[in-house]
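Novice: Listed below, chain by chain, are the residues.
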Amino acid sequence: MIMPSRSTRNRAFLLSAALATASFSGTTLAEELRLITWGGYAPDDVVAQFEEETGIDVQVTLSNNEDMISKLRATGGAGFDLAQPSQDRVVGVQRQFNIYKPIDFSRVNTDQLQPSMVKATQESTELDGKFYGVPSVWGTSGLIVHSSVADIVSDYTDLCDSGVEGQVSYRLKRPTLIGFAFAMGMDPFAAYDNRDEYETIMTKVEDKLIDCKSNVKTYWTGGDQLLALLRTGEVKAAMAWDAGGWSLNAENPDIRFVAPESGALGWIDTFAIPRRSENEEAAYKWINFVMQPEIAARITNASGNFTASKGADEFVKADLRDAYRESFDDAAINNIKWYPPVPPGLETMEGQVLDRVQAAN
Amino acid sequence: MRSSVSRLSLWLLLTPFLLWIVLLVLLPHLQMLRVSFLVRESWDTLAWGFEQYQNFFTESYYWRTFVRTGVMSLFTTFLTLIIAFPIAWYIARLARGRSKGILFLACLIPFWASELVRTYGWMILLRESGLFSSWLQALGWADGPVEMLYNDVAVIIGLVYNGLLFMVVPLVTTLDGMDENLVEAGYDLGGGHGTVLREIVVPWAMPGIVSGCIVVFMLTLGSYLTPVLMGGKDSAWFTEQIFTQFITRFNWEQGAALGVLLLILSSVIVWLGLKISGQSLRKVMG
Chain A
70 MIMPSRSTRN RAFLLSAALA TASFSGTTLA EELRLITWGG YAPDDVVAQF EEETGIDVQV
130 TLSNNEDMIS KLRATGGAGF DLAQPSQDRV VGVQRQFNIY KPIDFSRVNT DQLQPSMVKA
190 TQESTELDGK FYGVPSVWGT SGLIVHSSVA DIVSDYTDLC DSGVEGQVSY RLKRPTLIGF
250 AFAMGMDPFA AYDNRDEYET IMTKVEDKLI DCKSNVKTYW TGGDQLLALL RTGEVKAAMA
310 WDAGGWSLNA ENPDIRFVAP ESGALGWIDT FAIPRRSENE EAAYKWINFV MQPEIAARIT
370 NASGNFTASK GADEFVKADL RDAYRESFDD AAINNIKWYP PVPPGLETME GQVLDRVQAA
430 N
Chain B
60 MRSSVSRLSL WLLLTPFLLW IVLLVLLPHL QMLRVSFLVR ESWDTLAWGF EQYQNFFTES
120 YYWRTFVRTG VMSLFTTFLT LIIAFPIAWY IARLARGRSK GILFLACLIP FWASELVRTY
180 GWMILLRESG LFSSWLQALG WADGPVEMLY NDVAVIIGLV YNGLLFMVVP LVTTLDGMDE
240 NLVEAGYDLG GGHGTVLREI VVPWAMPGIV SGCIVVFMLT LGSYLTPVLM GGKDSAWFTE
300 QIFTQFITRF NWEQGAALGV LLLILSSVIV WLGLKISGQS LRKVMG
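Here the protein sequences line up with chains A and B, keeping their order. Residue numbering for the first sequence follows the working numbering, starting at 70 and increasing by one per position. Residue numbering for the second sequence follows the working numbering, starting at 60 and increasing by one per position.
Calculated from the structure, these hints are not laboratory results. Note that CB positions come from ideal geometry on N, CA and C, so glycine has one too. One or more hints might be untrue.
[To be verified] Reference excerpt, derived from the structure (chain A facing chain B, CB under 7 Å, subset only):
id, residue
1, 134
2, 135
3, 303
[Said to hold, decoys possible] What the simulated footprint calls covered on chain A by chain B, stretch by stretch (three residues with Cβ under 8 Å from a Cβ of chain B suffice, anywhere in the stretch; the number is not a length):
id, region
4, 137-144
5, 402-412
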């Protein structure tokens, strides 16, 4: 056995010390942004460009409103650095579960956002004088209709028409309740603060939906499932998101997204920072990065939904812009019903209505 | 000295098992039991109470789904037994040598794919634009597309398919050990096919039948994907309601109460099944 010489040992020591510092600084360098968001809101190429420009590693978890809230509630607002709940689902949840922290608007580059949307989102996500959301992506729910039944279906309640029996689909979720209420000539949003009145509205909607159940092929539960049903022609009319309708329209011009007579339902998805976010800095960097017009346009092209970014429209694919204009004329845009914040407690009531509809036969 | 060493090694061997049981089974269930008795008074105060259990009995859709899930699970288990018995008989008694192994493998292969993939497989076959529908039309037996998905029959097909292997395996094991002479003696003494089956084969296979039934029943009762995906609008299944309470409604208290009730239901039915068939858990599982 040969003893290592003194100099080799010294060198080895130096080397390991160097390695130790390198790996130490390595861990501090490899920053991470854990983002929980919707499908299409963080396209691969956008993530790659962000990682390249900032050196921050982005981990994307795909989710939806309920799942996002459940996950953050389970950990008291930990596990993610940035979330994207819809603006009507922020305040009630924050009051109940305290899972977000206020937005520091001095760190958000509001110059590149549409002022009216910033204001609207601030108003609807305000709690005790603090704002909890920055607008990011918006869209509507309405009807996706095949041209063969276009003369029958022009509003949500038309999905119960016997002419489309067994060929319609919608979700068993709150947008359906709200949409049907509007189509039946009631205004659920105006009744948000009046529990009894809201309950009366929901009872009527419940009866309607139970009546309508035999007309429905299936209640869709995921976007891909719905698109498959429409693509194969098994479903001819459905209540769904505009972006899904436009992507189908690109494949088959007979399928179109229609804003219902009683008004499409408008939502804005926000950026909200979980209370125990471990990298707020990166979260703000991401917000300011993706809201640049060119980047935002790429998100629009990927998800089909338009963003709150100012001036992004000119970078959006032409056919998407055309499909959008075909679905929304000025009157339809003015008729969009924007979701106000949901007061706590209403969702429990709605949940029971939905359960009863699911169990009815 | 010697006994203390062996006792120590016994405890060491038991440790992983005990950790598993306590940390992953016992503690979560106790926690769920605790949550199920909490009542949310306002957004940040909780009190003890039975409200969630009262809800279960006053809101008819909870217990209707509960009963429906139980009845359909029992029926599925029965159907699985009827289908699996001839298969197991053939594999255990009639097939010889290599074909035996191949048949067994054929039962096993579908389970290399996940439940989700198997369910989607059935959906491709059964849906309106699917394979069966187009075959029926090609043969001239149907005028237009036939929808076979999104009803109770589709759900039961999916569930039986998922449970089949877990019924076949214990049946093959018990039938394998049966002495051929017993069957022959039955016929020699003048018994017909029915009598021999009833008096000799079924009693012999009883431990296998009961253990297969218990496993299939538990799997079916706790199944989530198959009823939701294949049942569509009529999918009302109790596990789905539990999922909805936890995830969609943020109502952990109600979800926990429903979970506890499901646990009680399955335990009671298994206990009843053992009593009626005159088996004990030790005999069946050993």
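Novice: Run through the hints listed earlier and report the numbers of any the structure violates, in increasing order.
Specialist: Per hint list: 1 and 5 violated.
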